[in-house]
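K.L.:
Here's the letter readout for the chains.
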Amino acid sequence: MNGGQDLGGQMGFGPVRPEEDEPIFHGDWEKRVLALNIAAGAMGHWTIDESRHARESLPPADYLSFSYYRIWLEGLSNLLVAHGFATPAELEAGAPATPPLQPRRVLKGADVPAVLRRGFPYERPAQAPARFAVGDGVRTVVMHPPHHTRLPRYARGKRGTIERVSGCHVFPDTGAQGQPETAQWLYTVVFTGPELWGRDADATSSVSIEAWESYLEPG
Amino acid sequence: MSGHDHHHDHDNHFTPIEARVRALESLMVAKGYVDPAALDAIVETYETKIGPRNGARVVAKAWSDPDYAQRLKADGTAAVAELGYGGRGGEHIVACFNTPEEHNLIVCTLCSCYPWPVLGLPPVWYKSPPYRSRAVLDPRGVLADFGVTLPEGQRIRVWDSTAETRFIVVPLRPAGTQGWSEEALAAIVSRDAMIGTALPSAEARR
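Quick note, the sequences are listed as chains A and B, same order.
Plus 1180 on top of the position in the first sequence (first one is 1) and you've got my numbering.
Plus 18 on top of the position in the second sequence (first one is 1) and you've got my numbering.
For the record, the hints were derived by calculation from the structure and aren't laboratory data.
From a predicted model like this one, the values you see are computed outputs, not experimental measurements.
A few of these clues could be false.
Here are the computed distance ranges between Cβ atoms for each label pair [what the hints assert, rightly or not]:
| no. | chain 1 | residue 1 | chain 2 | residue 2 | range |
| --- | --- | --- | --- | --- | --- |
| 1 | B | Q196 | A | E1200 | 29 to 39 Å |
| 2 | A | P1326 | B | G194 | 35 to 45 Å |
| 3 | A | P1326 | B | A202 | 32 to 42 Å |
| 4 | B | A222 | A | A1313 | 40 to 50 Å |
| 5 | A | A1383 | B | G194 | 28 to 38 Å |
Heads up, incomplete: computed chain A residues facing chain B, CB under 8 Å, no partners named [stated by the list, open to error]:
| no. | residue |
| --- | --- |
| 6 | P1195 |
| 7 | A1220 |
| 8 | P1280 |
| 9 | V1314 |
| 10 | V1322 |
| 11 | T1354 |
| 12 | Q1357 |
One side only, chain A facing chain B, incomplete, derived with CB under 10 Å [as the list claims (entries may be wrong)]:
| no. | residue |
| --- | --- |
| 13 | G1274 |
| 14 | P1301 |
| 15 | I1342 |
| 16 | S1346 |
Glycine included, C-beta positions come from ideal geometry on N, C-alpha and C.
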């Protein structure tokens, strides 16, 4: 979706301002938001892509002005309500008023090191040969789906070159909508600066994206 | 400064967002969705076990051991796993080696994708609109915000982390570091150098 999250090439935000000796967290509540997001995700009721969609569905003015942990807090709250795990009133009160749903899994403290170390690999066995090979010219599709996608606006309808074929990876666009998991070939596609940004762009710069096969056409 | 007594500032003086997060956690624990011990273990992991020193060890080893550098180039995930790193937020790792001809810069324009197992949690600026918007459009301008100017003629390559593949920059080994131990080398590899917004230098050694 063309939400507040799709930032590549937007202007007017001013310079990057790194914080000297930045702490890992700016307050205890950020730690809890991080941990709650990971633990809630481990229940297994939504994919990482659906959680991204919950964040990018915030009104753009909110998305652009909230801190990132605030965005995570809003996204998680909305997911819990959407999946029936909580009501808005319960979130407000901090106490149950309805019976809990039974989660598929509950991440236990003792299992955290192993679960984090294992992660959640996204590569899947290939069901068909890759359509493109390293060195092939491609053109990204033009689309403006109302749902989640990982093809940024600045890279739609652009000519690029396949630099790497990364195996078949879980396809985010459908998984974010709660559809059964599918996988597609994933490619690194490189674009020149001028292809993306026009004739005045820095010709000594290039940008790559990771693109699923359905984002690409021969070009 | 006033002499006002702040001893009471614990129980009922949460900011609205602190109060909301406490309510959320209380609810999720009460409903049996999360184990409080798991929450603590997650926080502890990212406060004490996973951070940019992991990535610095990877870079220092790549600088010291050409065979390791080759393995890191060929399969980043397997090579960082040799040092015990990997997992959540870095299931698929690609190492981007700077060369005299090309400098690499990592961004996630769509969210905050970042190689957690080797760099830890991303800094605020990495997740914020100024960096995410401009890194792809004006990467040299972004580097200037960090006080970095690339040598004349060096190209710049920006990696937008749009999938679960996560990138770590392997900077060029700076001059004046011949004979250094891996430990000494790791000490001059900063988080930002592995994002691409800084260049390591031998002078950083204390």
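K.L.:
Does each hint fit the structure? Answer for all of them.
P.N.:
A quick look at each hint next to the structure:
As the Cβ distance of B:Q196 to A:E1200 is approximately 31 Å, the hint placing it in 29 to 39 Å holds. For A:P1326 and B:G194, the hinted distance range of 35 to 45 Å is not satisfied, since their beta carbons lie about 55 Å from each other. Between A:P1326 and B:A202 the C-beta distance comes to about 53 Å, which lies outside the given range of 32 to 42 Å. For B:A222 paired with A:A1313, a C-beta distance near 42 Å keeps the hint of 40 to 50 Å intact.
Hint check: A:A1383 to B:G194, Cβ distance near 33 Å, so the stated range 28 to 38 Å holds. This hint holds: A:P1195 has a C-beta 5 Å from the nearest C-beta of chain B, less than the 8 Å allowed. Of the supplied interface hints, the one on A:A1220 holds, with its beta-carbon coming within about 7 Å of a beta-carbon of chain B, less than 8 Å. The closest approach between the C-beta of A:P1280 and any C-beta of chain B is roughly 4 Å, which is under the 8 Å cut-off, so the hint is satisfied.
For A:V1314, the interface hint is violated, since its Cβ never comes within 8 Å of a Cβ in chain B; the closest pair sits about 14 Å apart. Hint on A:V1322 is violated. Least Cβ distance to chain B is approximately 16 Å, over the 8 Å limit. The restraint placing A:T1354 at the interface with chain B is violated, with a minimum CB-CB distance near 15 Å, outside the 8 Å limit. Because the beta carbon of A:Q1357 sits about 17 Å from the nearest beta carbon in chain B, more than 8 Å, this interface hint is broken.
With a cut of 10 Å, the hint placing A:G1274 at the interface with chain B holds, because the nearest CB-to-CB distance is about 3 Å. Of the supplied interface hints, the one on A:P1301 holds, with its beta-carbon coming within about 5 Å of a beta-carbon of chain B, less than 10 Å. With 10 Å as the threshold, the beta carbon of A:I1342 stays out of range of chain B, its nearest partner Cβ sitting at about 14 Å, so the hint is violated. At its closest, the beta carbon of A:S1346 sits 6 Å from a beta carbon of chain B; the interface hint therefore holds under the 10 Å criterion.
Hints 2, 3, 9, 10, 11, 12 and 15 from the list above are not met by this structure, while the remaining hints are.
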